[in-house]
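Colleague: Listed below, chain by chain, are the residues.
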Amino acid sequence: MLWQALALAGLLAALLWLVHNTQLNMAARGIQSGWDFLGQTAGFDIGEQLIAFDAGDSLARAFLVGLLNTLRVALLGILLCTLLGTLVGLGQLARNGLLRGLCRAYVELFRNVPLLVQLLVWYLLLVEYLPDADAAWSWREALFLSKAGLAFPALVADGTGSWSAWHWELPALQAFGIEGGAALSPEFIAVTLGLGCYTAAFVAEVVRAGIKSVPSGQIEAAQSIGLSRRQTLRLVTAPLALRVILPPLTNQYLNLTKNSSLAVAIGYPDLVSIANTTLNQTGRAVECIAVIMLVYLALSLLTAALMAILNRRVALKER
Amino acid sequence: GKTLDTIKQRDQIAIGVSTGVPGFSAADSQGRWTGLDVDIGKAVAAAVLGDANKVKWVPLASQQRFTALQSGEVDVLSRNTTVTLTRDASMGLAYTAIAFYDGQGFMVPAKTKVKSAKQLKGATVCVQSGTTSEKNLADFSRINKLNLKPVVFDKFDAANAAYFAGRCQAYTTDTSGLASVRAKEAKDPKEHLILPELISKEPLGPLVRRGDDEWLAIVRWVVNGLIEAEENGITQANVDQLKADSADPVVGRLLGKTEDTGKLLGLDRDWLARAIKAVGNYGEIYERNVGEKTPVGLARGKNRLWTDGGLHYALPLR
Amino acid sequence: MAVWQMIPARAAPEQPQGWLAWLRRELFGGWLNALTTLALLAWGLSALPGLADWTLWQAVWRPDAEACQAARGSGACWGVIAEKQRLILFGRYPEAEHWRPLLASLLLLALVVASGLRRCWKRWLLPAWGLVWALFFALMGGGFAGLEAVPTERWGGLPLTLMLATLSILLACPLAVLLALGRRSRLPAIRVLCACYVELVRGVPLISVLFMASFLFPLFLPAGTTPDVLLRVLLGIALFAAAYLAETVRAGLQSVPNGQVDAAASIGLGWWQSQRLVVLPQALGAVVPGLMNSFISIFKDSSLITIVSLYELTGSLGLALSGDPVWRPYMIEGYCFITAIYFVVCAAMSRYSRWVERQQARALTR
Amino acid sequence: MLNNDDSIIRFERVNKWYGRDFHVLRDIELEIRRGERVVVCGPSGSGKSTLIRCINALEPFQEGRLLVDGVALGAEGSAQDKAGERAVQQVRRRVGMVFQQFNLFPHLSVLDNLTLGPRHVAGLPRPEAEAQALAQLERVHIAEQAHKFPLQLSGGQQQRVAIARALCLAPQILLFDEPTSALDPEMVQEVLDVMTELAGQGITMVCVTHEMDFARSVADRIVFMDQGQLVEEAAPAAFFSRPESARAQQFLAKLHRAG
Amino acid sequence: MLNNDDSIIRFERVNKWYGRDFHVLRDIELEIRRGERVVVCGPSGSGKSTLIRCINALEPFQEGRLLVDGVALGAEGSAQDKAGERAVQQVRRRVGMVFQQFNLFPHLSVLDNLTLGPRHVAGLPRPEAEAQALAQLERVHIAEQAHKFPLQLSGGQQQRVAIARALCLAPQILLFDEPTSALDPEMVQEVLDVMTELAGQGITMVCVTHEMDFARSVADRIVFMDQGQLVEEAAPAAFFSRPESARAQQFLAKLHRAG
Ligand SMILES: Nc1ncnc2c1ncn2[C@@H]1O[C@H](COP(=O)(O)OP(=O)(O)OP(=O)(O)O)[C@@H](O)[C@H]1O
Ligand SMILES: Nc1ncnc2c1ncn2[C@@H]1O[C@H](COP(=O)(O)OP(=O)(O)OP(=O)(O)O)[C@@H](O)[C@H]1O
Ligand SMILES: [Mg+2]
Ligand SMILES: [Mg+2]
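Chains as they are written, first to last, in the numbering used here: chain A, 4 to 322; chain R, 11 to 328; chain C, 91 to 456; chain Z, 100 to 358; chain B, 100 to 358.
Read the hints as simulated data drawn from the structure, not as lab findings. Hints are all accurate, no fakes.
Covered stretches of chain A (in silico footprint by chain C; criterion: 3 or more residues with CB under 8 Å from a CB of chain C, positions within the stretch not fixed): (1) 92–103; (2) 285–297.
Lysine-lysine pairs mimicking DSBU-like chemistry, simulated, CA-CA at most 35 Å apart: (3) Z:Lys247 x A:Lys320; (4) B:Lys247 x C:Lys212; (5) R:Lys159 x R:Lys197; (6) B:Lys353 x Z:Lys247; (7) R:Lys131 x R:Lys121; (8) R:Lys123 x R:Lys211; (9) Z:Lys353 x B:Lys247; (10) R:Lys253 x R:Lys267; (11) A:Lys215 x B:Lys247; (12) B:Lys353 x Z:Lys353.
Positions of the beta carbon are idealized from the N, C-alpha and C atoms, including for glycine.
Please model the entire structure based on the sequences and the hints provided.
Modeller: Now the structure itself:
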């Protein structure tokens with residue numbers, strides 16, 4: 004009891020001290036604080052946006068744009084790492100020695116190099132080695148790949164609002180690169196590829212461990228009731244392995260989401276990048292960093308909660 | 011004031027500089043800091059501590075700079091920082107003097123044949139985050155309906171690298187920055203063109219923390235003193251001699267011969283003489299770091315003295 | 091009823107042995123297998139020559155900017171490493187003094203390696219750590235005995251990476267153990283506190299912690315008492331890493347059977363004694379791979395401090411190349427160089443962890 | 100050795116090694132007749148499990164030949180790759196197996212455990228497969244547990260489900276590998292009872308067990324193994340009263356002392 | 100109940116619950132004299148382990164009082180926080196305990212296992228502690244294993260190390276919780292032999308065991324528990340020949356059938 008009270012009191016005192024210092028410091032230096040700045044106009048543009056945004060919108064909306072950009076990268080990265088990771092993980096268990104070796108090498112290489120370096124390399128590869136926007140590689144005049152990213156046809160509305168107004172718009176070469184259609188920026192591609200490939204190495208290990216964790220007795224039992232190799236995999240091994248795989252896989256998804264914050268290093272306007280800009284424009288450092296932390300925390304807790312529900316749904320029923 | 015006391019006590023000034031803008035503050039191959047911003051810092055150190063080398067240089071990314079100053083990590087922020095109302099009024103900062111008049115411009119690869127920023131419709135523009143440049147760009151784009159697409163990097167060198175790699179069709183920052191980047195970092199400076207438009211006013215100068223007026227005054231008057239020195243023909247070379255035999259009452263006042271201006275600032279008589287002795291007058295600093303004979307090669311332009319038709323108008327030291 | 095005769099054991103019929111048989115079995119056993127092999131080989135053969143050309147045959151090895159320029163696109167320019175290696179490895183440390191960071195890093199590396207060997211687990215190891223750290227900082231910082239003083243803002247490159255990684259691991263470990271013990275404490279307040287800390291920290295990205303350490307932390311302290319930015323970043327990484335390590339340690343604690351605690355109590359050991367002498371040694375032993383993985387992460391994560399303008403290995407590569415128009419185009423070669431460094435260190439760590447696991451299994455059982 | 104039509108399992112000089120040096124089955128010659136109930140016993144590690152796992156093609160062997168209900172399982176590497184695969188599937192359809200650790204599929208309900216084979220191997224539609232599964236569950240007296248999950252059952256119940264699962268493919272042969280040794284003492288009897296019931300129904304059974312009471316009352320023949328060889332085979336009465344080989348005598352002596 | 104000076108353990112209406120509802124020890128009244136050898140038996144789950152773990156203060160109880168060698172262990176929450184802590188330490192120095200699962204420290208050599216208590220609790224310097232540990236190892240006849248690690252020993256050897264470890268603090272009382280039930284049958288006897296030897300040396304022993312032969316030949320008294328209560332206590336001869344309570348009769352009958 005005494006110890007608990009002491010620990011709590013100590014912690015509280017430390018916190019109070021920090022808050023007090025901060026207040027003193029901020030007051031002494033005339034730093035303004037508070038959340039009112041979220042309502043101010045942003046005054047800056049954002050290069051990529053899922054919802055309409057221009058410099059006249061509020062900072063709150065800028066944060067929202069950043070958050071959506073983060074989610075976009077995270078979701079695509081999760082998709083990529085799951086696909087690639089599963090393939091590589093299965094490849095590590097393949098009968099073919101060459102394939103096994105390659106997959107092993109993939110895991111070792113991507114796991115043992117810092118993600119930041121990988122992101123920088125991907126980005127460098129894209130902007131250094133792809134052709135300039137005005138000399139883009141094109142595929143059937145529909146896909147264009149260049150330093151400006153990947154442009155592809157998109158459905159667009161011409162503003163009249165009726166259904167017939169929707170039409171396919173092809174990208175085309177203009178004075179400053181590719182216009183029209185939709186495009187993925189090289190920053191986005193680099194972040195997605197980087198996150199996806201990096202996390203895939205970890206997912207591969209998770210998948211491999213999951214499959215190996217299925218007791219051999221289960222597989223023998225399946226064989227002894229006459230299931231073929233593929234049926235065994237589909238009906239017994241996979242569902243059992245999945246239950247083992249799911250929790251660590253969630254962790255990897257969470258890691259990927261958190262790691263998407265490194266996008267700031269290569270100029271992708273994710274939440275951290277927007278917060279950084281805002282911090283500079285308004286000087287509200289405490290608030291901006293709090294926004295970053297709270298948003299990621301909320302994302303983590305949300306994902307964890309969802310996965311916990313899923314986990315419970317698939318958990319083996321015991322007495 | 012308190013700042014001055016602590017500085018004297020630790021016998022060192024902490025000065026925030028940028029992580030690398032050639033001509034303003036950049037590390038040379040020996041890792042020594044050089045540049046216009048750096049020289050101003052040195053002048054302050056010489057004036058206050060008597061030694062231009064008693065400085066702890068703190069390189070700061072643009073997001074770090076204000077908190078570093080606010081929190082006391084640096085005493086002066088001499089880091090090509092634009093003075094704006096927000097920064098002055100709400101962020102716990104105070105500007106001292108303007109050391110460099112600048113304006114934001116664009117640089118494009120010469121081969122694009124773009125001659126004016128107004129032709130940049132729809133272009134992708136590399137820009138560094140956390141600067142006034144971002145906002146100016148947005149304003150310029152809106153006013154002229156250019157629909158410019160910014161690609162924002164957290165560091166100056168990352169933005170440079172992306173521009174030179176060809177990621178963006180244009181690069182925007184203060185023209186001084188553009189010139190210095192083109193001079194020092196372009197493989198062939200002729201391949202890049204700085205467009206004529208200036209889209210903003212960018213008065214750059216050292217900043218100090220709010221709440222210590224004495225310290226603010228010291229930094230402000232050191233900068234003014236350097237400009238005044240140029241106006242009065244005091245140079246690094248002749249300062250000692252002038253101090254010994256000049257009969258000019260203005261020179262005498264500046265160099266502490268006839269009047270003790272130092273006492274008013276909490277310094278000694280020779281403060282300005284030492285500063286000039288250490289780094290020269292404003293004109294010398296300018297020519298040494300960014301002038302036309304340097305790789306950066308900026309003409310004095312607006313940064314001439316008012317007597318020559320420029321904007322530098324030192325407040326009278328008396 | 092029947093009784094069989096004694097049958098002596100004999101050796102199995104000869105299976106084809108050797109690498110040829112291995113190749114046959116592994117690569118061409120079954121048509122699907124053979125097909126895979128052929129497809130992979132075809133792919134490899136189509137990609138390899140180009141790669142080999144680029145990395146080896148067409149590459150320029152001399153620090154010769156013009157030759158590099160000529161080979162650009164077809165061959166690598168390894169000369170850039172030769173030209174810039176010092177800047178990449180030591181950042182902005184004064185060039186004349188480069189022997190100091192080199193020596194300091196070697197000392198540190200040697201000590202880390204020595205600490206990994208069972209043979210060196212002697213009494214002198216602890217004082218050795220103290221001594222080496224003292225030497226490290228003395229060498230790096232200088233300012234005595236004629237050594238030029240070098241402020242921390244000029245430290246950079248590999249020594250900085252090594253120092254940050256090792257020191258933050260050293261700082262994080264004890265904290266992690268305390269947190270893990272705290273999460274299993276009988277006292278609810280302590281349990282909740284530790285759990286909150288761990289979960290909160292694990293929920294946010296490292297760079298937000300680094301931002302906090304480098305931009306915000308000074309605001310939290312009384313004016314004028316701001317510690318060096320290096321120290322703050324170091325603390326930030328350590329506090330962050332501790333949360334992750336704590337979870338690993340906790341898993342280890344859970345793997346120790348309750349009976350061990352009972353037994354320790356029954357021979358009269360108190361709570362702290364039984365944790366220190368009985369539970370922790372087993373718990374930490376059980377999670378060596380997990381701990382090692384965390385260490386690898388910490389080492390890799392040290393690269394993130396470039397984002398807050400400290401020039402460790404990744405940052406000093408940018409410093410070395412991005413400001414130099416002559417060599418900037420060869421960034422990719424630079425990345426290959428530091429990638430190799432990171433890879434070697436991390437792979438060595440994971441090899442080591444596997445070795446330890448095998449050693450443990452062998453040492454403790456018959 | 101007779102080659103009469105009655106034989107349903109025949110080992111012909113089967114030899115098996117683990118690795119290169121560990122000779123685990125040595126020149127096994129054994130013939131089991133249709134409907135016969137054989138108990139295999141012997142000390143731990145003598146190769147009993149390996150022997151019956153060969154019958155189900157769960158283990159390959161390196162020499163000799165094994166005929167199971169007319170299908171030939173050849174030695175590993177004997178040139179019949181593709182045919183071998185098919186033979187294995189045929190054998191497995193005719194042989195049911197019950198494991199020591201039950202090996203029920205924990206993610207499927209009892210009913211799904213039972214219908215998995217019939218539906219995916221025999222291709223029965225679900226309703227039929229379920230009807231049949233329920234019938235088998237009746238046979239082992241746990242029809243009321245059909246919708247529970249394996250881990251919700253007691254050990255004895257789990258093992259009975261495992262037996263029902265083996266029966267669902269209507270096998271010619273049932274193999275048991277120490278079906279009661281993972282059970283708590285109280286539950287052993289329920290499983291033995293079910294097995295005794297089955298034995299009365301004319302199915303061929305090969306059973307590895309140390310339950311000597313069961314062996315005595317149910318088996319037609321007892322096979323004693325040691326160090327990978329068949330050492331002795333005899334009718335239960337004869338085996339228990341006067342074992343011939345020294346090793347069997349030793350083994351029985353130990354069992355008695357423990358019992 | 101007598102309050103003679105001879106008594107070394109005395110339970111006074113001890114009651115214990117697990118959680119709120121599970122009443123595991125009910126009004127236990129039990130007195131054990133110095134030098135007495137008591138065997139506790141009873142069906143699984145009857146609370147035997149809980150009972151003797153209370154003696155070593157490994158389990159707190161909620162009501163009543165327990166005197167161990169003159170030190171009083173109070174009920175949980177009875178106002179003696181700080182004193183309670185000290186009492187627990189005192190008790191544990193006087194009581195040695197041997198567990199079913201041995202609970203040797205696998206990361207320490209046999210010698211270190213034995214010297215851990217003496218060095219860190221009694222504060223003995225290492226050489227002395229080691230000398231004493233070797234003496235105890237002699238006593239259980241495995242001095243030659245001193246430098247091995249526990250997992251390198253057989254179960255019987257491990258249990259003997261555990262006994263030696265308990266002896267190293269020179270306890271007044273030795274508690275055994277089913278010391279042989281985790282052992283392979285061949286190894287049971289070696290441990291029982293060691294225990295019988297110890298019993299001849301006058302130390303107080305409380306032993307939970309189902310080894311009835313051992314109980315018969317060594318115990319001074321047998322205590323029979325069921326459902327958390329003491330049901331019957333008697334001299335071994337009397338207990339085995341004519342148990343009084345119906346439950347003890349049942350229990351013995353089952354044991355006989357199994358044996
Ligand atoms: N996959 C394997 N690889 C190598 N050796 C094995 C393998 N499986 C079993 N063995 C060894 O083969 C021998 C025979 O094993 P088997 O399981 O057939 O014995 P068993 O008679 O069933 O014994 P038990 O009564 O213990 O089940 C044992 O010594 C065992 O250790
Ligand atoms: N920590 C606990 N929490 C809740 N219930 C417990 C706990 N420990 C034991 N029990 C329950 O208390 C009862 C008595 O346990 P105890 O271990 O004392 O029995 P026992 O007589 O030693 O049985 P056995 O012969 O199986 O060892 C059992 O029903 C057991 O399930
Ligand atoms: Mg077996
Ligand atoms: Mg018990």
